[in-house]
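K.L.:
As a plain string of letters, each chain reads:
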Amino acid sequence: MTAVLRLENVNTFYGAVQAHFDLCLDIYPGEITCLLGGNASGKSTAMKVIFGLVRPRSGRVLLAGEDATQWGTPRRVAWGLRSVPEARRLFPFMTVRENLLLGAYLRKDRRQVAEDLERLLDLFPRVGERLNQAAGTLSGGEQQMVAMARALLGKPRVLCMDEPTMGLSPLWVDRVLELVQTINRQGTTVFMVEQNARAALQIAHRGYVLRHGVVTLSGTAAELLDNPLVENAYLGGKAI
Amino acid sequence: MIGNLYMLTAIGITQIYGVAGVVNFAHGSVYMAGAYIGWMAITWLHWPLVPVILLVLAGSALLGLALERLAVRPFARAGSTILLLTTIAAGLIIDNAAQVIWGPQTQALPNPLPQWHIRLGAGTVSLLDLFILACGVGTALLLHLFLYRSRAGWAVRATAQDRDAALQMGIDVNRVNRYSFALSGAFAGLSGLLVGLYFSNIYPTMGASATLKGTTAALLGGLGNVPGAILGAYVLGIAETFSVEWLGSSYRNLVAVLLLIAVLLFRPNGLLSGRRALNPEPTAGTFIPHGRPLRFPRWLIPASAVLAAALPLFVANPYALQVLAIGWVFALMAVSLNLISGTTGQISLGHAGFVTLGAYATAILTSRLGLPFSVSLLVSPVVAAVIGVLLCYPALRLRGQYLAIATLGLGEAISLIALNWDSVTQGPLGISGIQPAAFFGYEIWSAAGVYWLDLAALLACVWAVYRLSRSHLGRALRAVREDEVAARAFGIGLARYKSIAFGVSAFFAAVAGVLLAHSYSYIAPDTFTFALSIQVLTMIILGGRDNVGGAVIGAVILIVLPETIRFLGEYRYILYGLLLIGMLRFRPYGLLNSTT
Ligand SMILES: Nc1ncnc2c1ncn2[C@@H]1O[C@H](COP(=O)(O)OP(=O)(O)OP(=O)(O)O)[C@@H](O)[C@H]1O
Ligand SMILES: [Mg+2]
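Listed in order, the protein sequences are those of chains A and B.
Note that UniProt numbering has the first sequence beginning at 1, numbered continuously upward.
Note that UniProt numbering has the second sequence beginning at 1, numbered continuously upward.
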């Protein structure tokens with residue numbers, strides 16, 4: 001099986017500070033892959049490297065085997081990457097509907113988009129109730145739903161999510177992760193950055209653990225769940 | 001009607017701000033260029049109005065694109081205050097290029113529309129008035145449709161609200177930037193043409209007031225808010241019309257400037273801000289990138305001072321001495337501005353205001369009250385510093401672009417007050433017959449005498465600034481520059497230290513004003529203009545941040561170079577503009593600083 005999205009020996013710097021050391025990631029089609037790690041371990045930076053918002057000093061980004069390291073962000077999006085960014089990043093002064101449709105900005109099939117929107121709203125009933133509200137006035141959980149729906153409307157080949165459960169109550173955390181699983185079962189490849197390690201591993205197929213920019217552990221989700229090191233690092237009592 | 005004219009400008013400025021995050025100070029220059037393009041088409045080609053308008057739209061859109069490519073895109077990551085400077089520099093280049101190409105004189109712009117009028121109540125409305133109204137409303141409507149109904153318009157709005165998120169939607173934000181500059185350039189050019197038709201004449205510096213009015217209107221409405229800009233334009237237009245009626249037409253610009261300052265102080269997010277919270281400016285205390293002064297041997301500074309002092313003994317040419325003397329005065333201004341911008345990290349675009357204050361203070365004290373020069377040399381700067389600090393104090397809590405615009409407005413306000421306060425300043429006539437500098441009855445006439453006087457003032461200033469920067473006060477000022485939040489946490493009273501920096505700086509700038517007033521023997525409200533403020537700022541950017549020696553050398557280079565190379569004289573301000581952009585692009589830490 002070839003990876004649909006791959007980071008190869010990526011070294012990223014912010015000025016003199018190195019954020020990634022020979023980072024390698026493989027995301028396989030049809031799976032949920034999660035990237036775990038504590039604060040400031042370089043997870044969001046990995047997301048930025050994938051989207052071309054930060055250029056690594058060395059290493060490659062491969063999309064379905066093709067070298068995309070030099071591509072600009074819009075081209076990567078056109079290829080099929082979609083993101084649910086850290087802290088959602090909705091367009092606050094635009095309505096929910098406008099936000100959703102911007103997710104389909106690059107799609108030419110207008111009519112199909114309208115149909116897909118209808119279908120998506122079945123999955124996100126709360127979003128459907130608020131189509132004409134300014135996105136900036138939604139609650140955090142609602143914003144998360146809109147951000148996910150916005151990304152899905154772009155028909156992603158790989159859906160990338162940066163801490164989709166951040167700042168949500170336990171009830172909403174479950175709701176969001178359940179949705180991720182549903183989306184994945186319907187055929188979307190998911191790459192997810194998470195701090196809720198156990199909950200994330202329970203729905204994921206594969207996981208990586210990042211620490212100070214270095215991958216310290218990787219394997220199938222089941223392996224990681226059983227690994228006492230992960231247990232110590234992230235799952236020890238207080239993380240849940 | 002005036003409101004309509006401002007509306008187009010304000011929309012353009014607000015639009016650019018929203019997308020590129022910069023207040024585009026070259027907007028007025030594109031506006032002027034649009035007017036000239038229209039003028040050429042009407043008077044040389046005798047085209048009818050509609051093709052003229054199309055040509056103006058196309059031409060000024062192209063100019064907007066060029067502006068984006070050369071003065072904005074290379075600096076996209078440099079921060080909004082740098083962008084403000086690069087657009088100002090671009091404006092300077094365009095304005096002065098226009099002077100070289102079309103000449104500095106006012107040109108008549110005939111109105112190609114039929115000359116008929118409609119009676120309407122008390123007044124009459126001409127076809128031109130209706131046409132302007134139609135253009136204003138029409139473009140506002142088209143813009144609204146574009147922004148809210150078209151795909152490209154959505155991309156523009158999304159980019160304005162969150163650039164990185166827009167990228168992740170697949171929006172090519174560079175292209176959105178280009179569109180916006182082209183669009184706002186087209187607006188600027190069209191409004192330049194319409195204003196030219198309205199007043200029947202055009203001139204190369206007509207853009208300056210357009211930028212000012214457009215920025216005021218855009219700020220009134222809240223930067224980045226298009227409907228707000230329309231409202232702001234009408235508020236400004238109405239305020240001006242009434243004040244012209246009550247006070248006289250010379251108050252037109254003063255009202256706009258005062259409104260600008262008031263809105264910055266009281267409603268920096270615009271009149272509608274209750275409804276629409278704007279992000280705070282990032283903490284941009286430092287706008288000139290960090291650098292470390294190059295090391296020179298300790299004896300170099302006293303040695304060069306002695307050399308400079310001895311120069312008149314060897315150089316007999318009075319012209320050379322005059323040029324150098326002016327160089328010293330400008331160095332004085334640069335060193336004083338360096339205290340605000342280099343050491344304390346606050347941008348100031350109103351330095352000419354302090355110079356004007358000093359010059360007027362001494363003119364009034366010596367000519368009217370008969371004070372001797374030697375007394376006035378100390379008293380006038382104190383007066384100027386006190387007035388300067390009182391004026392600036394309320395603005396000191398602003399940061400970044402907002403502070404830049406406020407200081408610009410204050411500088412303008414000072415010269416506009418000088419223009420309008422006839423009984424004290426003799427208004428536009430200016431004050432002439434100012435006595436030459438004199439000590440104890442000995443007048444200083446010779447070029448060498450003036451040279452030594454100016455050099456002595458500069459050395460005194462350098463010495464004072466040097467002592468100051470080594471003191472506890474100097475360290476506190478640097479702390480303010482490096483991190484306002486941390487400085488406050490350490491108990492450094494920001495407003496107090498900033499006003500000390502502005503006060504000391506105003507004092508020395510005013511000394512420069514005193515020296516120049518007595519050597520020119522004549523001053524007027526427009527002797528020391530905004531261009532001077534930019535010139536001085538260029539000097540310290542050339543020399544390097546927080547580098548006194550650099551400021552002196554930057555000043556001497558920028559004064560001496562255009563004088564010695566004759567060919568450069570005419571293109572002086574173009575040179576300044578190019579230097580400013582070039583330095584910010586390729587060596588932002590200055591000639592005499594190195595990177596850390
Ligand atoms: N724009 C930036 N400039 C400088 N340093 C940065 C920048 N963005 C991130 N960093 C640094 O890079 C490191 C990794 O940051 P990153 O945002 O990738 O962490 P993260 O794993 O997403 O953390 P969190 O879980 O808290 O979101 C941090 O030390 C951070 O300070
Ligand atoms: Mg993160």
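Worth flagging that the hints you see were computed from the coordinates, not collected in a lab.
Just so it is clear, the structure is predicted and the values come from calculations on it, not from any experiment.
Don't take every hint at face value.
To be verified - Chain B regions said to be covered by chain A (calculated; three or more residues, Cβ under 8 Å):
no.: 1; region: 165–173
no.: 2; region: 331–340
Stated by the list, open to error - Some residues of chain A that are not near chain B, with every Cβ distance over 12 Å (derived):
no.: 3; residue: Arg6
no.: 4; residue: Gly38
no.: 5; residue: Ser58
no.: 6; residue: Ala64
no.: 7; residue: Ser83
no.: 8; residue: Pro85
no.: 9; residue: Leu101
no.: 10; residue: Leu106
no.: 11; residue: Arg107
no.: 12; residue: Leu120
no.: 13; residue: Leu121
no.: 14; residue: Val214
no.: 15; residue: Asp226
As the list claims (entries may be wrong) - Partner residues are not named here, just some residues of chain A that face chain B (Cβ under 7 Å, in silico):
no.: 16; residue: Phe21
no.: 17; residue: Cys24
no.: 18; residue: Ala87
no.: 19; residue: Leu102
no.: 20; residue: Arg157
Glycine residues also receive a C-beta, built at the ideal position from the N, C-alpha and C atoms.
K.L.:
Should the hint that A:Cys24 touches chain B count as held when the rule is a Cβ pair under 7 Å?
P.N.:
Not OK, violated: A:Cys24 not within 7 Å of chain B, min 23 Å.
K.L.:
Grab the minimum beta-carbon distance between A:Ser58 and chain B and tell me whether it stays above 12 Å.
P.N.:
Per Cβ check, A:Ser58 is outside 12 Å of chain B; nearest 21 Å; holds.
K.L.:
Would A:Leu120 pass as off the interface with chain B, using Cβ distances and a cut of 12 Å?
P.N.:
holds (16 Å)
K.L.:
Going by Cβ atoms, does A:Leu106 stay more than 12 Å from chain B at every point?
P.N.:
violated (4 Å)
K.L.:
Quick check for students: does the CB of A:Arg107 sit more than 12 Å from each CB in chain B?
P.N.:
violated (9 Å)
K.L.:
Confirm or reject: A:Leu121 is not an interface residue toward chain B, with every Cβ-Cβ distance exceeding 12 Å.
P.N.:
holds (19 Å)
K.L.:
Was A:Ala64 rightly flagged as not at the interface, with every chain B Cβ beyond 12 Å?
P.N.:
Per Cβ check, A:Ala64 is outside 12 Å of chain B; nearest 17 Å; holds.
K.L.:
Can A:Ala87 be said to touch chain B, with a Cβ gap under 7 Å?
P.N.:
Violated. Min distance 10 Å.
K.L.:
For A:Leu101, is the shortest CB-to-CB distance to chain B above 12 Å, so the non-interface label stands?
P.N.:
For A:Leu101, whose nearest Cβ neighbour in chain B is about 8 Å away, the distance does not exceed 12 Å, so it is violated.
K.L.:
With d taken as the least Cβ-Cβ distance between A:Pro85 and chain B, does d exceed 12 Å?
P.N.:
Its Cβ does come within 12 Å of chain B, the nearest being 6 Å, so this is violated.
K.L.:
Restraint: A:Leu102 near chain B, CB-CB cut 7 Å. Satisfied or not?
P.N.:
At about 5 Å, which falls below the 7 Å cut-off, the nearest Cβ of chain B leaves the hint on A:Leu102 intact, so it holds.
K.L.:
Taking the closest pair, is the beta carbon of A:Gly38 still more than 12 Å from chain B?
P.N.:
holds (24 Å)
The structure does not agree with the numbered hints 2, 7, 8, 9, 10, 11, 16, 17, 18, 20 stated previously, though it agrees with the rest.
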